[in-house]
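*Asks:* My request is simple: use the sequences and hints to build the entire structure.
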Amino acid sequence: MKIYFVVDLEGITGVVSPDKQAEPGSSGYQEARELLMSDLNAAVEGALEGGANEILIYDMHYYGLNVILDRLHPKAKIIMGNPHVVPVEKGLDDTFKGMMMIGFHAMAETEGALLPHTYSHDMKALYLNGVLMGEIGMEASIAGTYGVPLIMLSGDSK
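For what it's worth, numbering that gives the first Met the number 0 labels the leading residue of the sequence shown as 0, then goes sequentially.
These aren't lab readings, by the way, just hints derived from the structure by calculation. Among the hints, a few may not be true.
[To be verified] Label pairs and their computed distance ranges (CB to CB): (1) Glu33 with Ser140: 29 to 37 Å; (2) Gln29 with Tyr118: 17 to 25 Å; (3) Lys76 with Ile150: 12 to 20 Å; (4) Glu48 with Leu125: 33 to 41 Å; (5) Pro148 with Lys76: 17 to 25 Å; (6) Tyr61 with Tyr145: 22 to 30 Å; (7) Ser156 with Glu22: 21 to 29 Å; (8) Gly24 with Pro148: 33 to 41 Å; (9) Glu30 with Asn128: 38 to 46 Å; (10) Asn128 with Glu44: 33 to 41 Å; (11) Leu131 with Asn52: 36 to 44 Å; (12) Tyr126 with Gln29: 34 to 42 Å; (13) Lys1 with Gly80: 15 to 23 Å; (14) Lys76 with Glu33: 17 to 25 Å.
All values reported here derive from a predicted model rather than from experimental measurement. Cβ coordinates follow ideal geometry from the N, Cα and C atoms, glycine included.
*Replies:* Below you can see the structure in the form of C-alpha cells.
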C-alpha cells in the first residue's frame, strides 16, 4: 500500500515563531527541522505499522529543503527542492491509497491561529469553486482529483 506525505513546517510540534524558526537561516530553524523529523518519522512509522509498504514524502515548506536526509526513516523516499505546482511533479498519482499531511497551519486570516497563512504571507484568500480554503483544503482537493483520500492531518488546532 502506497502512502503519500506532504510536509510543512509551521504546524510542527514546538514550532511557534515564523521569524525565529520557520525561515531558513533564522536562529531556531535547525531546531525546527529537528522537530519536523520527530513528527515526520513518527507518522511514517505509524503508516508502516498500518500496512504501508511504500512511502513518498513531498517537502513543501519554503524551498523544500527542510527534511534532514540522514534522519529520514530508511523506508521513505522524498521529493525535495523548489516547490512544484503541477501535482504530477510532486509524485502524486492514483496509485496511492492515502495522503498524510504533517505540520500544517491555519489558512490566512484565521483568528487566533498561531502561524496562519496560505502558501505565502502575501496571499490573503484562496478560493476553489467559490469555497475559501487554505493549503490543507487545496492539497486535499488536488489529491482528491486522483482519488487519493486525506487520511491523516497534524498541525495547528485552528
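*Asks:* Now look at each hint and say whether the structure bears it out.
*Replies:* Structure-based check of each hint:
no., hint, in the structure
1, Glu33 with Ser140: 29 to 37 Å, "31 Å, holds"
2, Gln29 with Tyr118: 17 to 25 Å, "24 Å, holds"
3, Lys76 with Ile150: 12 to 20 Å, "18 Å, holds"
4, Glu48 with Leu125: 33 to 41 Å, "35 Å, holds"
5, Pro148 with Lys76: 17 to 25 Å, "21 Å, holds"
6, Tyr61 with Tyr145: 22 to 30 Å, "25 Å, holds"
7, Ser156 with Glu22: 21 to 29 Å, "23 Å, holds"
8, Gly24 with Pro148: 33 to 41 Å, "37 Å, holds"
9, Glu30 with Asn128: 38 to 46 Å, "39 Å, holds"
10, Asn128 with Glu44: 33 to 41 Å, "36 Å, holds"
11, Leu131 with Asn52: 36 to 44 Å, "37 Å, holds"
12, Tyr126 with Gln29: 34 to 42 Å, "36 Å, holds"
13, Lys1 with Gly80: 15 to 23 Å, "21 Å, holds"
14, Lys76 with Glu33: 17 to 25 Å, "21 Å, holds"
Of the hints listed earlier, there is not a single one the structure fails to meet.
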